[in-house]
Structures are given as C-alpha cells and as structure tokens.
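Undergrad: Chains R and C, in that order, give the protein sequences. Take 7 as the starting number for the first sequence in the numbering used here and just add one per residue. Take 7 as the starting number for the second sequence in the numbering used here and just add one per residue.
If you are wondering where the hints come from, they were derived from the structure by calculation, not from laboratory data. Computed from a prediction, not measured in an experiment: that's the story for all the values here. Hints are not guaranteed to be accurate.
[To be verified] Just the calculated beta-carbon pair ranges, DEER-fashion:
| hint | chain 1 | residue 1 | chain 2 | residue 2 | range |
| --- | --- | --- | --- | --- | --- |
| 1 | C | L241 | R | D359 | 53 to 61 Å |
| 2 | C | D214 | R | K449 | 40 to 48 Å |
| 3 | C | E255 | R | T426 | 23 to 31 Å |
| 4 | C | P330 | R | T426 | 31 to 39 Å |
| 5 | C | E242 | R | V444 | 36 to 44 Å |
| 6 | C | P330 | R | A149 | 41 to 49 Å |
| 7 | C | E255 | R | K565 | 54 to 62 Å |
| 8 | R | Y355 | C | N490 | 35 to 43 Å |
| 9 | C | H578 | R | K418 | 51 to 59 Å |
| 10 | R | L583 | C | H578 | 32 to 40 Å |
| 11 | C | P13 | R | E573 | 32 to 40 Å |
| 12 | C | K468 | R | D359 | 22 to 30 Å |
| 13 | R | T509 | C | E579 | 47 to 55 Å |
| 14 | C | E579 | R | S205 | 55 to 63 Å |
[As the list claims (entries may be wrong)] In silico contact screen, one side only, chain R against chain C (beta carbon under 8 Å); selected entries:
| hint | residue |
| --- | --- |
| 15 | E308 |
| 16 | H345 |
| 17 | S376 |
| 18 | E448 |
[As the list claims (entries may be wrong)] Keeping only pairs whose Cα atoms sit at most 25 Å apart, straight-line, the calculated DSS-like set for lysine-lysine is:
| hint | chain 1 | residue 1 | chain 2 | residue 2 |
| --- | --- | --- | --- | --- |
| 19 | C | K307 | R | K307 |
| 20 | R | K292 | C | K565 |
| 21 | R | K218 | C | K307 |
| 22 | C | K251 | C | K565 |
| 23 | R | K358 | C | K407 |
| 24 | R | K275 | C | K289 |
| 25 | R | K264 | C | K307 |
No residue lacks a Cβ here, since even glycine has one placed at the ideal position from N, Cα and C.
Each chain, written out:
2 protein chains.
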Amino acid sequence: MIKITLPDGSIKECAKLSTPMDVAKSISEGFARNVISAKFNDTIVETSTELNQDGSLVLYTWNDDLGKKAFWHSSAHILAQAILYLYPNAKLTIGPAIEKGFYYDVDFGEESISDNDFKKIEDKMLEFARQKFEFKLRSVSKADALSYYKGRNNEFKVELIENLTDGDITFCDHADFTDLCRGGHIPNTGIVKAIKLMSIAGAYWRGDEKNKQLTRVYGISFPKQKNLKEYLELLEEAKKRDHRKLGKELELFAFSRKVGQGLPLWLPKGTALRERLENFLKKAQKKAGYEMVMTPHIGQKELYVTSGHYEKYGADSFQPIHTPKEDEEFLLKPMNCPHHCEIYNVKPYSYKDLPIRFAEFGTVYRYEQSGELHGLTRVRGFTQDDAHIFCTPDQVDQEFKNVIDLSLYVLKTLGFENYTAQVSVRDLDNPDKYIGTVENWEKAEQAIINAAEDKGLDYVIKSGEAAFYGPKLDFMIKDALGRNWQLGTIQVDYTLPERFELTYKGSDNQLHRPIMIHRAPFGSMERFIAILLEHTGGNFPLWLTPEQVILLPISEKYKNYTEKVLELLENHEIRGLIDDRNEKTGKKIRDAEVKKIPFMLIIGQQEEDGDVISVRRHGGEDLGKMTVEDFSSLIKNKINSTLQQYKFN
Amino acid sequence: MIKITLPDGSIKECAKLSTPMDVAKSISEGFARNVISAKFNDTIVETSTELNQDGSLVLYTWNDDLGKKAFWHSSAHILAQAILYLYPNAKLTIGPAIEKGFYYDVDFGEESISDNDFKKIEDKMLEFARQKFEFKLRSVSKADALSYYKGRNNEFKVELIENLTDGDITFCDHADFTDLCRGGHIPNTGIVKAIKLMSIAGAYWRGDEKNKQLTRVYGISFPKQKNLKEYLELLEEAKKRDHRKLGKELELFAFSRKVGQGLPLWLPKGTALRERLENFLKKAQKKAGYEMVMTPHIGQKELYVTSGHYEKYGADSFQPIHTPKEDEEFLLKPMNCPHHCEIYNVKPYSYKDLPIRFAEFGTVYRYEQSGELHGLTRVRGFTQDDAHIFCTPDQVDQEFKNVIDLSLYVLKTLGFENYTAQVSVRDLDNPDKYIGTVENWEKAEQAIINAAEDKGLDYVIKSGEAAFYGPKLDFMIKDALGRNWQLGTIQVDYTLPERFELTYKGSDNQLHRPIMIHRAPFGSMERFIAILLEHTGGNFPLWLTPEQVILLPISEKYKNYTEKVLELLENHEIRGLIDDRNEKTGKKIRDAEVKKIPFMLIIGQQEEDGDVISVRRHGGEDLGKMTVEDFSSLIKNKINSTLQQYKFN
C-alpha cells in the first residue's frame with residue numbers, strides 16, 4: 007500500500023501501482039468522470055500513470071488551469087493526427103497548449119493550407135475524437151526515437167530528440183498516431199467534443215528567422231459544444247470592445263508613423279477624459295495627504311546608476327542621450343522614484359514630518375520591441391499615477407493599508423468589483439536578481455502580507471514576481487468579459503532610501519532611514535483607459551464619459567432654443583454637444599448610439615413651447631419630457647451615486 | 007550749406023562742417039546741454055564730428071539707449087586712464103559699454119586687484135572726470151598705431167590693430183590718455199558725475215580659454231549722484247527678489263546635481279502654484295475654443311527632419327536616442343508643433359471645421375551649455391503653454407487678434423500692466439536663415455502688423471528676429487523694477503502646414519493648406535514663474551499664492567477652535583495652514599511675514615469666545631475681529647477683483 011495525500015490534507019491508503027484515476031474513483035465515480043489530468047509530487051502525470059510510492063496528488067478537471075492545459079495539449083495531438091491523415095507529406099514540429107487553446111507548427115512542404123481547409127481538418131479531428139482513443143505514454147530509447155523520425159524524414163523531431171537525454175524520452179500514442187511528447191494528457195480523445203481552428207500564421211523553426219518558415223495552425227477545443235459557442239461569442243464581443251477600435255471611433259487617441267510606434271497621441275476627447283480621471287484621483291489623494299510634485303522626463307545617467315536601474319535595465323532601455331558639448335549623458339526616465347528621492351533630499355526632515363507623500367502623474371519611457379507593442383496596453387511611453395510615501399518603520403503598516411483603501415476606492419468607483427490581490431515576493435532560488443539585504447526583504451514581504459490579511463483581501467503569493475528592489479502587491483481585476491488584468495501596484499522598498507541616502511531625524515535625535523512605498527492605483531493611465539474601454543465597451547461612467555448629452559433639434563427652427571438649453575446645461579457643468587446636421591432625427595439617434603452618448607435630448611415645437619426637453623437614454627429608454635433643471639438634477643444624482651467622495655480616516 | 011534732416015522730418019540748413027553739437031545748439035541751448043551722442047546717416051559719430059554733406063541726424067541724451075551707450079563707453083576710457091595711472095605696468099585690451107554700465111579687460115601682469123582697490127580707482131576716475139577733458143577722435147595710420155602700442159609692449163592692442171585696415175583706424179585722446187577706439191563718445195569727462203565699480207571677474211583674451219586670462223573690471227556711471235543711488239537701491243531690491251532665492255525660501259522648486267543642471271524639480275507648493283496658473287489659462291482657453299491634447303516627449307528623428315528642426319538645430323541639440331534593437335532614432339522634443347501637426351493629420355477636415363485649436367502644456371527639452379543656465383529663466387527642460395491654431399487664410403486676422411486679446415488678458419490678470427509689442431520679421435539680407443516661400447513670409451508679416459495696428463498695440467518692428475519658420479509678435483513687459491522681459495509669443499506659419507502636408511477641403515471641394523498660428527501667452531511656465539516671482543517679490547496675487555492664510559493660535563489651548571476655523575476656511579476653498587509651534591506669537595508673525603502669507607489669523611480667548619478671528623494683513627495692517635464667514639467674503643471679493651473671467655466674443 008502507498009499513502010496518497012490529497013490537497014485538503016486528507017490521506018488515502020491505496021494499493022501500490024494505483025493510478026490517479028483509481029484514486030479519483032475511490033473518492034467518487036461522479037468526480038472521476040470529470041478528472042482529466044493529475045500532478046503527483048509536483049510533476050504532471052497521466053491519469054493512467056501507476057503510482058509506486060507515497061506522495062501528494064492533485065486531480066484536475068476542466069475547471070482548473072492545468073486541466074485545460076492537458077485538454078488543449080491533447081487536442082494538439084488530435085490536430086497533428088488529422089493533418090498527417092489529410093497531408094501525409096507534412097512534417098510535424100512542436101504543438102503546445104497556450105493560454106487559450108493550442109497550436110501546431112507544421113512544415114507542409116510543397117503544399118499550403120488556408121482558412122478554407124479548416125472545416126475539413128476540424129471534421130476529421132472530431133471524427134477521430136469521437137472514437138475515444140486512449141492517450142498512452144511510453145518510454146522509448148534515444149536510438150529508437152531517432153530511427154522512428156528518420157524513417158519519416160522529419161529532421162525537426164530528429165533535432166529535438168538529439169538534444170534530449172537517453173532514458174528521458176517518451177512517445178505518446180493514440181489510435182495509429184505517435185508523437186514525441188513529455189506527457190500531460192487527458193484520458194482519451196472522446197472528452198473533446200467541440201473543436202475550432204482559429205487562424206494560421208507563419209512561424210520560424212525555433213523562432214529564429216534564419217531557419218525554415220513553418221505554418222502555425224491555431225485551434226481551440228472544449229468539452230461541450232456550448233463552451234465553444236460562448237467562447238466565440240466572447241471573442242466577437244471582445245473584438246467589438248477592442249480598445250484600439252473604440253479609441254478610434256470615440257476619437258480618444260491615435261498613433262502616428264512619424265512620431266513613432268508605441269507613442270500615443272491623445273486627441274481632445276481622450277485628453278479631457280484623462281484629465282477627469284486624473285482629477286478624480288488627485289482629489290482623493292489630497293484628502294489622503296498626498297502632495298503633487300513635477301519632475302523632468304530625463305535624468306543624468308548617474309541618477310540611474312545610483313538607483314540601480316542602469317545596471318539592471320540599461321542595456322535593454324532607450325540608450326543614453328549625449329550632449330553636443332560637455333558630453334554629458336542623460337536617460338529618458340523609466341520611472342519616477344529616483345527623481346522623488348532627490349526631492350526628498352532637498353530638505354531635512356524630522357520624524358514628526360513623516361509620512362511624506364509625493365505624487366506625480368509622471369510620464370515614463372521604456373523601450374519595447376516594435377513587435378511587442380499593442381494599442382495602449384503595451385507602449386513605449388506612458389504616464390504612471392505614481393506616488394512615493396516616505397515613512398518611519400512604525401508607519402509602514404498603516405500607510406500600506408491606507409494605500410489599499412485608496413486603490414480599492416479607485417477600482418470600485420470605476421466599476422471593477424471583481425478583483426483579487428497578488429503578493430509578489432522574491433524567488434528564493436535566485437537571490438542575484440534582487441538588490442538590498444535579506445533582512446529588509448523579509449521585513450517588507452511580511453509587511454505586505456500583514457496588510458493584505460488585515461484588510462481581508464483575497465490574495466495569492468507569487469514567488470519570483472517581485473520588482474528587483476522590493477516585494478509588491480498587485481490588484482488583479484476580472485473585466486466584464488471575464489478576462490484578468492493586472493492593475494494597481496503597491497511596493498515596499500528599503501533599498502532606494504539606502505542608495506539615495508535618505509534620512510530623517512528620529513525622536514532620539516539620530517539620523518534614520520525612511521522606508522519608501524511606491525504605489526500607482528491605475529498603474530498606467532494609458533493601460534487603465536484601454537482596460538476601462540474594453541470593460542465598459544466604451545460606455546464610460548457618466549461622470550467620466552466625453553459627452554454626457556447630445557441635443558437633437560428636429561429642425562433648424564429650434565436652433566436658438568437648443569443653444570439656450572446647451573448653455574443652461576453647461577452652467578450645470580454638464581458636457582453636451584448639438585447635432586445640427588441636416589439629417590433625419592432617426593439617423594441622428596442612430597449616430598448618437600454609435601458614439602455611446604448616455605443621453606439624447608430631442609427638441610421640437612412641443613419642447614420649445616413647454617420650455618422642456620424630451621430625454622432618451624443610450625440604448626433606447628424614453629424618459630419623457632422634463633425641464634432642464636430636472637434633467638440636470640437627474641444627471642447629478644446619477645453621478646453622485648457612482649462617484650462617491652473618498653473618505654480618509 | 008548742407009541740409010540736415012532731423013527725426014521729426016524737419017530740415018535744418020547749416021554751414022558745411024557744422025558739428026552735431028552746433029545743430030543741437032541751433033535747436034535750443036538747453037537741449038544742447040543734454041546732448042551727449044549723435045548718429046549721422048546711420049553711423050555713430052562724435053558730437054564734435056564735422057558734417058560735410060547732407061544727411062539725417064539723430065541727437066541722443068542720457069534718456070536714449072544710444073546716449074547711455076556713449077556715456078558708458080566714455081566711462082570705460084576714464085576707467086582705463088585711472089588704471090594706467092595707478093598700475094603703470096597694466097596692459098589694456100578691450101573695454102566696451104554693456105547693457106548696464108561697462109567693463110575693461112586688463113592684463114595686470116604680476117599685480118592683482120580686488121574689491122578693496124575699487125575705492126582708490128573710483129576716486130581717481132572722479133578726479134579725472136571733474137577736469138572736463140574733451141574726448142577727441144583722430145585718424146592714425148596702421149604703422150603709427152602699431153608703433154604706439156609696440157612702444158608700450160601691449161601685444162593685445164597690437165593684435166587688434168593687425169586685424170584692422172589701414173585708413174580705418176582711429177585713436178581717442180582725452181587728457182594725456184590715448185586708446186584705440188572706433189568712436190561714439192560723450193563731449194567731455196565732466197558729464198560723468200557718479201561712478202561705481204561693481205565687480206571683477208576672470209575673462210580669457212578673445213573669450214578663448216586657450217588664451218591668457220585677464221581681469222575684467224565691471225563698472226557703472228551716471229550723470230547724477232542720485233541716479234547711482236537709485237540704481238544701487240534697485241540692485242539691492244533685485245537681489246532680494248532673485249527668483250532663485252525666493253524659490254528656495256518659498257519652497258517652490260529646487261535643482262539636484264544628480265538629476266542634472268537646468269532640470270527643475272517642482273516641490274509641492276510650486277507644483278500647486280503652477281497648476282493654479284495652468285488652470286487659469288485652461289479656463290480662458292476653453293472659452294476661446296481651444297481643445298487640450300497630450301503628446302509624448304520624444305519623436306522619431308524623421309518627425310524633425312520633416313519639420314526642418316533637425317537640419318536647423320540638430321547638431322546643437324540633445325543628441326538622438328538610439329534603441330537597443332531595431333536601431334531607431336528618437337529625439338527629445340524641442341517643440342510641440344510637429345506632434346500637433348500629426349494630430350491634425352489624424353482625420354480629414356472641411357473648411358467648416360476650422361479653426362481647430364490644439365493646446366498643450368507641453369514639456370520640451372533644449373540643450374544649453376551649463377554656463378548659460380540660470381535658475382528658471384534659462385533651463386534645459388521647460389513647459390510651454392503651447393497651442394497651435396489651424397485656420398483658413400480668411401481666418402488668420404481674426405484668430406491673431408483673438409490671441410492678442412487672450413495674451414493681454416493673461417498679462418493684465420498677472421499684474422503686468424506695462425508692456426509693448428515687438429514684431430519680429432525676416433532679415434532680408436539673410437534669406438537662407440529661413441524656410442518657406444517669400445510670398446508666404448510677406449503674407450504672414452503683413453497679417454501680424456495688421457493685427458497689431460487694429461488692436462492699437464504699441465509695437466516696434468525688429469528685422470532678423472523672426473523664427474526660422476515664420477514671423478512673430480512678442481510681448482515685452484516691464485517689471486516692477488523697470489526691467490524688460492520678453493513674454494508671450496504669437497507666430498504665423500505657412501511652412502509647417504506645407505511640410506506636414508496638412509489639408510482641409512474648401513467650399514470649392516478642393517484640398518487647401520491651412521495656416522498655422524503658434525502661440526504661448528506665458529511662453530514657458532518656468533520662466534514666467536521666475537519673472538512673476540521677481541515682479542511681485544514673492545507676493546503673488548491672492549488667488550495664486552501658495553498659502554492664503556496662516557492661523558496663529560496664541561496657545562495650545564485654542565487648538566480645537568483653530569482647527570475648526572481652518573476647516574471652515576477649507577470649505578470656502580481658502581488655502582491655509584496652522585502654525586502650532588510652541589513659539590511666541592510675535593515670532594510666529596515675523597516668520598509668516600518672511601513666508602509672504604497674505605493674511606494672519608490670530609486666535610486666542612477673545613476670538614474663541616466671540617466665535618471670530620483677528621485678521622492681520624501681510625505688511626502689518628490690522629483688520630480687527632471678524633467672523634470666518636465675513637473673512638471668507640473678504641477673500642473672495644479680493645480674488646474676484648483681480649481674477650476676472652475671460653470674455654471671449
């Protein structure tokens with residue numbers, strides 16, 4: 007007998023050579039039907055692997071990330087099987103599971119495939135799947151493995167095998183198909199009920215453009231047809247909400263080839279929206295005792311040598327800026343902290359002055375390869391809603407908690423109700439990745455975990471995800487389409503105060519080092535707005551949206567009255583515009599819907615006579631006639647219900 | 007007889023060989039007593055020069071810039087005379103008039119002088135001056151000139167003479183002193199009644215650090231003792247108002263050696279002040295139809311090749327930023343116009359959409375040699391209150407006038423009542439300095455002059471002062487100490503729209519080029535704040551000043567009541583702070599005076615009992631007891647009287 011420890015801590019005594027599936031069945035037949043993958047002693051195994059020692063076992067279903075991974079990895083085998091069936095001369099290379107689905111890189115030789123072939127391949131895959139072939143992993147000697155693929159003229163698999171150690175090589179068989187594989191499969195092909203090939207792309211063998219170009223076939227699969235349908239609908243919705251598309255339609259931002267890739271230009275409506283977001287945070291920050299500062303976008307190289315950034319990132323960053331005379335060297339600032347440290351150093355502080363909280367909407371520049379750039383979510387220049395808190399050791403806990411409060415206020419006001427926290431700590435196996443003493447790292451990590459506990463956050467600890475100068479807490483939000491985004495970061499830092507020799511005079515009249523907290527509730531204004539666009543589909547909260555109302559006079563006759571209404575609204579600080587085009591009202595309403603303007607005010611003879619407006623909501627709801635005053639109150643009440651004042655204790 | 011035309015257009019018939027002084031006397035003996043210099047047919051002459059042909063004559067008194075120049079130039083001769091008398095081995099080099107006074111660069115050989123010697127030299131100068139020696143200019147042959155200075159072992163003057171053309175060389179004699187000189191003297195030394203040597207500094211011969219180091223002696227002189235006294239008082243006042251000193255005392259900004267020279271760090275109070283200034287302009291700009299945009303602080307080199315900036319300034323600017331991969335080249339942006347052109351190019355416009363007005367508080371970076379840097383007035387990074395107006399040819403005049411209105415609103419609200427305008431046009435002799443067609447330059451220059459005329463501005467035209475891409479109008483303000491500053495610029499530009507291929511569709515359905523107006527009422531936020539600091543001596547307008555009130559509880563007993571008062575004031579959006587130090591009230595008042603806080607609110611038993619405050623103004627005026635409500639009204643009324651709404655027609 008062997009002792010199998012389950013994730014809940016319970017221990018099962020099983021016969022030696024029991025499989026994970028046997029263990030699952032011993033828990034419950036129903037549960038076992040859903041088990042598709044397993045991990046034994048921290049190694050992914052097959053559900054049919056015979057366990058021959060004591061150990062801890064985790065069983066995965068489709069609902070687990072590792073369950074999906076096995077599902078999609080196995081689906082890649084089915085794709086490869088179908089391709090070889092339909093294109094016998096194709097050579098397979100590698101085919102992993104990815105975040106959403108899987109792909110296989112194939113050398114189709116003289117042949118080529120297109121979207122038009124997808125149906126044929128999908129049908130063949132489903133035909134194979136329905137036959138419930140078992141996935142069977144077996145060891146194979148290096149010589150046999152090489153011989154197998156040499157016999158099939160597959161130089162790619164041969165190259166892969168040559169780099170493997172004899173004794174560690176496994177093949178996976180299902181039906182008459184065999185593939186070089188490390189394992190991690192679902193029990194059989196029958197579990198795959200729905201398959202969709204998504205796209206094809208070019209990919210170089212081993213990602214090197216000097217190598218042969220292969221065809222990458224992307225696909226996704228599900229245990230139920232319904233899952234696929236939902237997924238495709240989600241994709242369709244995501245396409246509609248793509249912030250690059252919405253940003254263009256709503257005239258928020260643009261890019262210019264001449265200015266450069268990854269350097270957004272903010273158009274008037276986007277600039278005004280950003281300013282409203284910034285003012286919202288400024289107001290809360292003022293209550294929370296922050297002071298705004300402004301610093302230049304460059305700094306001498308020496309500044310970043312002092313901070314440690316140059317050594318760490320210098321080679322991968324925008325290169326130094328030289329001067330025509332005096333040959334000085336400056337760097338575009340990749341972060342604001344060194345500048346804020348220098349502001350701290352302008353005057354001496356006593357412990358009574360702390361905490362000091364410097365905030366800045368600081369635009370920073372970080373080099374990214376052009377292929378990595380994506381709309382506003384991956385750019386080369388962005389604005390952090392940055393702040394640095396300088397405090398005594400006694401104040402760290404409270405300050406960290408205050409920052410959590412402020413971050414949650416920001417997330418909730420912007421409609422992100424669904425979030426968890428991620429505490430990123432050192433990778434203990436790679437101490438060289440970090441600067442600062444072990445003692446300070448331990449203190450800082452503990453301070454973050456304590457604050458997360460005290461605030462009752464739902465958090466996970468991620469090893470190795472810390473910044474090089476300190477551990478951090480990030481908020482992970484789930485958007486309206488169920489996608490996860492990392493937002494709002496808080497970091498504790500004992501290192502920069504050392505490097506910049508920051509001090510304060512303690513009650514003991516001696517000089518001490520303050521502790522620094524870095525924080526940015528939005529993270530990056532650019533990225534935040536992109537996520538907000540995709541989360542809301544461009545239907546921003548009323549207080550934030552570019553135009554709150556559009557006035558639609560049904561003919562030119564009502565021009566004067568319409569302008570009077572707009573002026574009254576503007577006196578109430580309501581943002582509106584008039585659609586005075588010579589178009590039918592129906593057309594104007596449809597256009598206003600596209601622009602996602604929350605309220606349409608229709609103005610004709612009855613409205614002018616009654617000194618009222620007819621109010622229609624975005625989406626179609628008719629609120630009837632009302633006075634401008636009543637409408638203004640309605641808007642204000644709606645805003646007050648979402649945009650609540652920040653309460654700072 | 008010859009015909010002499012005077013500046014008022016009148017013509018005087020004079021005997022041939024009459025001198026400018028003769029002409030002055032023929033006008034009035036009293037006027038002649040004040041004449042100290044003259045210009046004949048655009049050449050500076052002596053007042054004793056014999057005129058032998060018809061021509062136009064300008065006569066200068068101390069009140070004219072060219073009168074002062076002759077006065078100070080002549081004073082340099084007296085300084086040289088005194089130095090040679092006291093230090094016979096000294097070698098004279100050059101000694102010009104400067105903006106305020108004059109200097110002489112002297113090789114004192116083995117000897118050296120210090121401030122302690124100034125009195126002795128000044129006394130000797132005055133002794134010589136009182137003897138009313140006449141300044142007499144005479145021609146001298148190159149051989150004689152060389153021989154004269156070789157005999158005195160003065161290799162400097164010998165070098166100067168060697169570079170002159172025989173026949174063009176003149177000496178000036180007064181008393182027993184002779185100097186190589188081109189002319190432009192006052193009649194005699196007796197006019198100089200007051201002399202003050204100001205400082206000494208090192209200076210290399212011909213400004214080249216490879217040459218010998220000389221001693222530069224700075225001095226100033228006046229026709230009346232009273233003038234000197236006033237000048238020294240002004241200097242003293244200017245020192246007190248030095249923005250670098252006040253900026254530090256008021257904690258507005260700082261510099262850091264590590265961040266880099268000429269790169270200001272804005273401290274919390276300075277940042278808040280800047281933001282109030284920016285909001286003030288934003289509000290007026292919104293009324294005037296501007297839209298805010300935001301653009302990155304870098305752009306691809308190609309952007310500035312297109313604009314022409316790279317060819318013009320590339321070599322003297324911060325050098326290109328390279329990337330670690332892809333080897334792209336970016337430049338720190340030296341101006342915002344190319345970015346705004348690219349924003350214009352995001353979408354097509356019809357003539358009905360124009361004018362389009364894009365505004366941005368855009369931070370730009372321009373390399374200056376470290377020796378040229380000075381506080382906030384000469385920096386390497388600064389923020390322009392920039393905007394670009396894109397309009398049709400028909401709209402240029404009106405738009406230009408609107409910008410003049412806005413600029414005057416800004417200047418007047420900030421207390422600069424004393425200003426003139428300067429229209430900078432091409433240097434017609436140097437057409438290569440400019441880009442764009444002659445036709446467009448002519449149109450643009452005329453548009454500016456028309457607008458200045460229509461608005462009734464007091465303006466002068468300066469040839470050769472235009473930007474390389476277009477003519478401009480600058481406002482020249484006189485500050486409280488009578489010093490002149492250039493502020494607020496408006497430029498018309500036909501060139502960038504060509505280079506960026508900007509278009510709009512006209513009523514003829516054809517594509518046309520818009521015209522661009524560049525404008526910045528403050529110019530640079532940094533420089534403007536520096537000038538405002540020196541103009542106001544740190545006593546900012548009430549709406550702008552960092553803290554409007556300081557609360558001085560006379561003992562800890564009144565802490566609660568004081569905090570209640572502050573909260574009430576904050577509800578009225580009045581900025582205040584509490585001085586709760588354990589100090590005597592007298593000391594607190596003195597400290598508040600240094601901080602230039604406009605109102606001090608003294609709080610003791612009587613105030614708490616009566617639910618009032620005792621109000622004292624900066625400077626000492628006692629406004630007596632009043633309620634917080636009454637005091638708030640007082641503040642609001644004061645603000646409303648200086649900060650009036652911008653009225654845009």
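Undergrad: Now tell me, hint by hint, if it's right for this structure.
TA: Going through the hints against the structure:
Range check, C/L241 to R/D359: about 37 Å between beta-carbon atoms, so the 53 to 61 Å window is missed. The supplied range of 40 to 48 Å is broken by C/D214 and R/K449, whose beta-carbon atoms lie about 58 Å from each other. Checked against the hint of 23 to 31 Å, the pair C/E255 and R/T426 fails, with Cβ atoms roughly 49 Å apart. Distance hint check: the CB atoms of C/P330 and R/T426 are about 35 Å apart, consistent with the given range 31 to 39 Å.
At about 59 Å, the beta-carbon gap between C/E242 and R/V444 misses the expected band of 36 to 44 Å. Checked against the hint of 41 to 49 Å, the C-beta distance between C/P330 and R/A149 comes to roughly 44 Å, which is consistent with it. Taking the beta carbon of each, C/E255 and R/K565 are about 56 Å apart, inside 54 to 62 Å as hinted. Separated by about 41 Å at the C-beta atoms, R/Y355 and C/N490 satisfy the suggested range of 35 to 43 Å.
Checked against the hint of 51 to 59 Å, the C-beta distance between C/H578 and R/K418 comes to roughly 30 Å, which is inconsistent with it. Checking the proposed 32 to 40 Å range against R/L583 and C/H578 shows it holds: the Cβ atoms sit about 33 Å from each other. For the pair C/P13 and R/E573, the beta carbons lie near 54 Å from each other, so the given range of 32 to 40 Å is not met. Checked against the hint of 22 to 30 Å, the C-beta distance between C/K468 and R/D359 comes to roughly 51 Å, which is inconsistent with it.
One distance hint, 47 to 55 Å for the beta-carbon pair R/T509 and C/E579, is violated here, with the actual separation near 36 Å. A beta carbon spacing of about 57 Å between C/E579 and R/S205 agrees with the range 55 to 63 Å that was offered as a hint. A hinted interface residue such as R/E308 counts as satisfied when its beta carbon comes closer than 8 Å to some beta carbon of chain C; here the least separation is about 6 Å, so the hint holds. At a threshold of 8 Å, the smallest CB-CB gap from R/H345 to chain C is about 6 Å, leaving the interface hint in force.
Nearest Cβ of chain C to the Cβ of R/S376: about 6 Å, under the 8 Å cut. The hint holds. A least Cβ separation of about 30 Å between R/E448 and chain C goes past the 8 Å threshold, and the interface hint is therefore violated. Proximity of C/K307 to R/K307 is assessed by CA-CA distance (about 22 Å); at most 25 Å being required, the pair is judged to hold. Note on R/K292 and C/K565: the hinted pairing holds, with a Cα-Cα distance of about 22 Å set against a maximum of 25 Å.
The straight-line distance between the Cα atoms of R/K218 and C/K307 is roughly 35 Å, outside the 25 Å bound, and the hint therefore fails. Distance restraint check for C/K251 and C/K565: the Cα-Cα separation of roughly 33 Å exceeds the 25 Å cut-off, and the hinted pair is therefore not satisfied. Between R/K358 and C/K407 the alpha-carbon distance is near 54 Å, which puts this suggested pair outside the 25 Å criterion. This hinted pair checks out: R/K275 and C/K289 have alpha carbons roughly 16 Å apart, not beyond 25 Å.
At most 25 Å may separate the alpha-carbon atoms for a hinted pair to count; R/K264 and C/K307 meet this at roughly 8 Å.
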